[in-house]
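Residue numbers (the numbering used here), protein chains in the order written: chain A, -1 to 223; chain B, 117 to 526; chain C, 426 to 722.
Please keep in mind that the hints were generated in silico from the structure rather than gathered at the bench.
Just so you know, not all the hints are guaranteed correct.
[To be verified] Here are the simulated lysine-lysine pairs, DSSO-like style, with alpha carbons at most 30 Å apart:
| no. | chain 1 | residue 1 | chain 2 | residue 2 |
| --- | --- | --- | --- | --- |
| 1 | A | K1 | C | K553 |
| 2 | B | K120 | A | K1 |
| 3 | B | K120 | C | K495 |
| 4 | A | K83 | C | K535 |
| 5 | A | K83 | C | K480 |
| 6 | A | K83 | C | K691 |
| 7 | C | K495 | A | K86 |
| 8 | C | K442 | A | K86 |
| 9 | C | K495 | A | K1 |
| 10 | C | K553 | A | K83 |
| 11 | A | K86 | B | K120 |
| 12 | C | K536 | A | K83 |
| 13 | A | K1 | C | K535 |
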Amino acid sequence: MIKSLLYKEWLKIRWAYLIMFGVFLLILAKIGLEIAYDIRQMDANAVWYNAVIRQQIFYSWLLYLPVLSGIVIGSVQFAPEISAKRLKLTLHLPLNETTILLLMTGVGFAALVLLYLVACISLSLIVLHFFPVQVLSSVLITALPWFLAGLIAYLATTMIFTEPVWLQRVLLMIVAWFFLNTYLLYSPRGGYETYTHALPWFILLSLFYIISILTPAQRFRRGVE
Amino acid sequence: MLTKLSRYLLIFITILVAAIYIPKLYWLIFGERIVAPHASYSPVIKKFILGKLVGKNYLWMDSDGKQYTREQTDLLLPLQNYRLLAAKGQMPDTLDGIPISVEEVRLNSFYLRFQPYQIGMPQIQLFPLFESNPPRLQLEMPPDFFRITGRMEFITAESNQINSEKTGLFTKRLQESGFAFPAAKIFGNPTTRKPFDEGYFVVDNAGHLYHIKMRDGKPLCIRTPVPADLGIETIFVKESNLKEFLAVIITRSSDVYLLMYDRYKLQKLPLAGYDCKSDQLRIVGNLFYRILSVVSDGRLEVTVTDRNYEVIDRYEETWPTREQRTAGLASAWLFPFTLKLQSGKSMFIGFHWKGYYWNALVLNLALVALSFFLYRKRNNSTKNTIPDRLLVALTGLYGFIALLIFPNHN
Amino acid sequence: MDFVVECKNLTHYYGNKLIYENMSFNIPRGSTFGLLGKNGTGKTTTINILNGYLKPRSGQCLIFGEDSQKLSPQTKARIGFLMEGHIQFNFMNIHQIEKFYSAFYPGQWKKEAYWELMAKLQVEPDQKIATMSCGQRSQVALGLILAQDPDLMILDDYSMGLDAGYRRLFLDYLSEYTRAENKTVFITSHIIQDLEDLIDDFVILDYRGVLLASTLDRFRSEFKQFRFDLENDTQLSLQPDELVSNFEQLKNRCTLYSFSDPAEVKAYLKSKQVNFKNFKPVPMSLEDAFIGLTGKY
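This is chain A alone, in the form it adopts within the complex:
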């Protein structure tokens, strides 16, 4: 049964997922090609100077990409459930409802984690090609909150779709928007690694959304209008 449920979720997200994979790889290729271009145009040490001393974020294209992918995957997975209230069919399946809901979000979550892992590994290979390992650790620390934001965006999207009342949906969007904002802050003066000290807390906070779908799903079940 679980396998079958996962199969259904995969059917919904597969195209969007493959497209997001493509988008990530394109953006990463762009980042790599840009570094190579800059090195040809203005010497490698100047490129290093910009990245290391002037704290320019040469991978800033990645800032909103995880959030975008989270929203896309969440939408393609839950829009079909909500249109014509198909979620009723899903919840009618002979499985515990909480199990069904968490398996559904689990599929998208796991797919995104895999996508982000591949993206981080690819990014690491690109960075290590041009820079010493010190730059890589800085890049990963800087970009980690962006990927956490992607996971939150996904979970928030599934939750917003599941919520049956429009006014409530807008409120959930506002909360999610502000919450995501806390993961995408630039330092007041630009620069890298600004989340270093707060990172454990932000990782912990992102887990607070992990079962968020259960709250609107309960309202859906009770037919709140």
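Position chains B and C against the provided structure of chain A, taking the given hints into account.
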């Protein structure tokens, strides 16, 4: 059970977000401009000259409260405004009976400012080591960056490969000077926009401070006499043609030292009430004086010294901070606490919590009563809503909003 | 008696609008129950309560003895659910959806029932359900619910959007299913004629709540239509009351619906000083009766 937990987790997030952004909105609406006064010291009348914003006007006055026009102020501070006075032909030839020249005044003037966010800011541990005797006079960006791990490694940017020859040369030199690898802290001024290069100051693994430079492609490494137990927080390397000091050292206990050209001697600055994590430090030097200003929220402390850093005079002024003004006092009745993620005092994101303001309990309890009324309208049983009401009592406005967004369905 | 569905004192409002108050009905095992009524009278609301997708303002439904708000997976496996408009996972094709559902009903899944219906459909093997016609989609939904072979079928407005052929096909399969032992059906519809040979008990809803709860046989034998002509064109003002269920007048020709005998009706008319002639009972179809009871508008 999980559904209940899910709701409370969401309520927690909402309270967190509300505690950040609602006060932010509040200050966006009610925040007024607060400008810290600026203090200089006049060699003409031997008094502090203050510039401050009074109402909408910027006024100049001395420490006795006597007001001056801007033009009068310029004349009182010739060592500071020499460019303007010289252009107007008003620059005096002598001060205190000592003949002065514009050229001399210019060479002896410097202005250093250290913000709390510059201390312990993020820094990738890779640095360019300049050739301090550049063949074409102008400093040039080297083709490699160094790091000091188990050795002092130079990595060529073009190939991203270690330059083993240069690495070997410098590592050997460092070892000969007794350097304990790896480096604990590395400080430099990595820019070509400076008159000359003094290289880097490096705290080794044993806490000793080393001065590392490259001259004619050869390593220079000197172990300074700076005591290992000084507790160096940060070092600002400041190359200046005056060549009085190489760098400013700030310790963990917020003592400030100048690292002098003269045998790396430490000159302690006679500061009062400086905390490097929260206060701004300004060091202004001119032909006659050193003016040391510490600016914190609502407080300015200025010390003027002679060029041997002997205290001549001090001045202190306080003014109401944002929190002490009307809008700040009112906010304590609205918000039981506030949270900020960013601070002007650090480059890092952090959780800057302020509170708990007990005044807000009045509003909190009013909101509890209101939520009690709302719940009764929805026919909720009292028992189930006790945690909700406790939450509102504790978190006030934030909790109330969170409960509106995530109503209790039990 | 053994009831599959027991609804007790259901009351529900949308906002302040009353849907029904204290509605109770029981569905015995093996019977077919119809919830009839015009659009917007609360049929889907009841289905939602039965399936646990709506918490009624008060009252309770038991299905196989379990509270419908907290159905266990085992009980859900025994309930086949057809959504209004034959909604299914339309991002799947007919193979994917069969594969999907079969895993949830091990031991009870009747693959053949599904494929028998699919064989009649003119669809490509990889055609998504979303691109099928309304009638084709209804067959997919029906095929899935038949393959599930549930003990209780809950069908929400099966006729919606179907042309006569598909409607008939649907009914053929449904009546075959009901002939099996102990299969219970809960069906809602606003088209009545189809149900003539199908339902045993029914409840008719109108905008104020339950209009009538009865069995089909009793309704057929007791609910009657009478025609009579008036001597002149005067407008009669007969309001529905204990005897008169509904009354219509066109010029001098009158139609009266009642559960009472002809003699009683005649006596009633006389007591109201109505001058009538040509009084006669008129036989009627179930649909006529339904409209006679609920009114044309």
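Quick one: which hint numbers does this structure break? Sort them smallest to largest. Those not satisfied come down to hint 6.
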